[in-house]
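Novice: Quick mapping for you: the protein sequence lines, in order, are chains A and B. Residue numbers for the first sequence follow our numbering, beginning at 2 and rising by one. Residue numbers for the second sequence follow our numbering, beginning at 461 and rising by one.
These are computed hints drawn from the structure, not numbers from a lab. What you were told as hints is all true, and nothing was included just to trick you.
Dumping the calculated SDA-like pairs for lysine to any residue here, alpha-carbon to alpha-carbon at most 25 Å:
| hint | chain 1 | residue 1 | chain 2 | residue 2 |
| --- | --- | --- | --- | --- |
| 1 | A | Lys203 | B | Leu479 |
| 2 | B | Lys529 | A | Met412 |
| 3 | B | Lys534 | A | Phe413 |
If you only want the chain B side, here are some residues facing chain A, beta carbon under 8 Å, derived:
| hint | residue |
| --- | --- |
| 4 | Thr474 |
| 5 | Leu493 |
| 6 | Val512 |
Pulled from the structure, derived: some chain B residues nowhere near chain A, Cβ distances all over 12 Å:
| hint | residue |
| --- | --- |
| 7 | Trp506 |
| 8 | Trp507 |
| 9 | Pro536 |
| 10 | Leu537 |
| 11 | Glu538 |
| 12 | Ala539 |
| 13 | Leu540 |
| 14 | Val541 |
Every residue gets a Cβ at the ideal spot worked out from N, C-alpha and C, and that includes glycine.
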Amino acid sequence: MDELNNLFHGFGVVLTLGNLGYMLIGLLLGVLIGVLPGLGGANGVAILLPLTFSMNPTSAIIMLSCIYWGSLFGGAITSILFNIPGEPWSVATTFDGYPMAQQGRAAQALTTAFTSSFVGALIAVILITFLAPLLARFALRFGPAEMFAVQFLTFTSFVGMSKEPPLKTLASMLLGFALAAVGMDMVTGQLRMTYGTEVLLKGFDFLIAVIGLFGIGEILLTMEEGLSFKGQSAKINFKVVFQTWKILLTHWRTFLRSTAIGCWMGITPGGATPASFMSYGMARRFAKDPERFGKGAIEGVAAPETAAHAAGTAALLPMLTLGIPGSPTAAVLLGGLLIWGLQPGPMLFVEQKEFVWGLIASMYLGNIVGLIVVLTTVPWWAAILRIPFAVIAPVIIVVCAIGAYTVHNSMFDVAMMMVFGVFGYLFKKLRYPLAPLVLALVLGDMAETNFRQSMLSSQGALNIFWDNPLVGTLMGLSIIMLLVPLVGLLREYFRKAEAEAVRLQG
Amino acid sequence: MAQAASVWAVLWPTVLFTLLILPMGIYAASVSLIVYFMRRHGHYGWWRSAAVALGVMTLLFVTFEIWFKVPLPKGPLEALVGL
Chain A
2 MDELNNLFHG FGVVLTLGNL GYMLIGLLLG VLIGVLPGLG GANGVAILLP
52 LTFSMNPTSA IIMLSCIYWG SLFGGAITSI LFNIPGEPWS VATTFDGYPM
102 AQQGRAAQAL TTAFTSSFVG ALIAVILITF LAPLLARFAL RFGPAEMFAV
152 QFLTFTSFVG MSKEPPLKTL ASMLLGFALA AVGMDMVTGQ LRMTYGTEVL
202 LKGFDFLIAV IGLFGIGEIL LTMEEGLSFK GQSAKINFKV VFQTWKILLT
252 HWRTFLRSTA IGCWMGITPG GATPASFMSY GMARRFAKDP ERFGKGAIEG
302 VAAPETAAHA AGTAALLPML TLGIPGSPTA AVLLGGLLIW GLQPGPMLFV
352 EQKEFVWGLI ASMYLGNIVG LIVVLTTVPW WAAILRIPFA VIAPVIIVVC
402 AIGAYTVHNS MFDVAMMMVF GVFGYLFKKL RYPLAPLVLA LVLGDMAETN
452 FRQSMLSSQG ALNIFWDNPL VGTLMGLSII MLLVPLVGLL REYFRKAEAE
502 AVRLQG
Chain B
461 MAQAASVWAV LWPTVLFTLL ILPMGIYAAS VSLIVYFMRR HGHYGWWRSA
511 AVALGVMTLL FVTFEIWFKV PLPKGPLEAL VGL
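Working from the sequences, and respecting the hints, build out all of it.
Specialist: Have a look at this one:
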């Protein structure tokens with residue numbers, strides 16, 4: 002019961018007036034970010050990260066993680082009331098959420114979404130509370146070879162589990178590796194791909210990439226659709242909330258299933274987006290009357306929201322214990338850790354107890370407070386969405402520019418952000434996933450360092466990667482993940498061949 | 461083509477804005493960008509556009525420079541006011 006003691010100590014850290022204040026600010030900013038087009042969890046946290054440079058790390062992570070929870074909640078508001086997914090993982094929420102709002106059941110849909118998010122996140126936090134210390138203790142024994150194997154597994158599971166075509170995922174990831182390689186080589190001190198320019202010495206900062214790719218790219222995309230937001234209005238009162246909770250209790254199976262999917266996809270870096278789609282699909286498959294889905298089924302809102310939040314929360318587990326982010330937002334939080342001078346990874350649980358358990362305690366409190374905040378403030382957020390795009394767009398561009406500038410106080414970064422923004426737009430236009438690029442940019446350097454350290458210790462022999470059962474299993478799993486898409490291709494091929502055979506016989 | 465045109469309509473002012481930050485400072489550049497957008501795409505009057513732009517930048521100034529003590533790039537205009 003060591004964990005419980007630590008957790009209560011963590012609550013002690015969080016329950017100071019200052020930290021509670023940061024928590025509330027974080028939640029409100031987070032919902033705002035989730036509601037506005039062009040600002041999402043990942044780039045929102047990236048833009049606000051420089052604000053925390055002078056804060057103490059515990060308060061900073063509490064505020065930033067609360068921005069993350071807030072943005073997860075906020076995405077649901079736009080999906081349900083305006084049929085605009087504010088975040089990629091709320092796309093599945095629009096399938097049934099918007100029909101519910103059109104039928105005048107907006108309050109019920111919103112309550113369902115918020116409650117489901119809360120349940121998913123809560124179960125994932127409980128999982129983190131008990132699993133993270135165990136995993137961290139286990140990971141203390143990891144050497145460079147094991148770390149590289151885990152990172153390799155991260156990369157390959159992206160290819161294997163992604164909803165996008167595997168080759169597009171691979172292409173996006175390799176571009177990320179190429180960008181990560183730019184700058185000073187950590188081991189030999191040689192310069193790589195800087196072409197004699199000074200500005201490229203530091204390489205590409207992934208925070209700049211995140212702000213540009215997700216922020217400016219999204220604005221350009223939204224502009225193209227010429228959006229005038231037309232939405233349903235909603236007011237939530239307590240009667241509706243309690244009625245909805247009563248209905249939701251009968252769907253406990255959906256909650257359990259969706260949380261399980263979400264936690265799994267969050268820990269293995271599948272991410273919140275595929276988790277929400279998978280969970281929606283499962284809910285429809287297991288429903289007694291699947292034809293209700295898409296026309297305003299309450300499970301159709303509960304399932305994707307539960308899974309998305311469970312995945313979003315569970316993504317912090319590998320980030321804290323292994324230093325490997327499970328999602329772009331977790332990657333930004335990881336970047337924050339490094340900036341505040343903390344080394345993410347298993348040692349965090351030994352050296353920075355107060356920080357880790359403060360963060361975990363803030364996850365519990367942040368989600369409870371977040372649920373109350375969004376339930377009571379929905380009409381305001383809906384009003385913000387009615388502000389015309391001609392006002393919102395330039396303000397978001399300005400905020401992105403400020404965010405990019407403040408990371409290193411460098412104008413070159415602002416220009417880089419614009420370039421990334423155009424690329425982000427093209428990527429989305431051509432349906433290439435952005436998350437693999439961001440993760441490769443973050444993890445590329447780390448994976449390279451680990452690989453080279455293992456090579457140094459084994460004097461160049463590759464068998465260090467299957468020498469012991471642990472590293473062998475990890476590498477084996479990675480290769481299986483890489484082969485998953487091939488299985489699908491083969492199946493397709495055989496089906497075609499069979500159809501061809503039938504056609505020839507007949 | 462209509463899509464490309466509307467994307468271009470956002471892209472060029474944004475690029476110009478990033479180029480103007482260095483000589484003008486971020487506050488003047490941002491106010492210009494917001495006013496341009498509101499007049500060109502939202503068809504607002506001068507007064508309303510200016511009020512929104514100044515309001516947003518004041519809010520950002522207070523948040524970044526006073527509250528969290530993060531300095532932003534300033535130009536000759538801010539020097540004139542004495543910031």
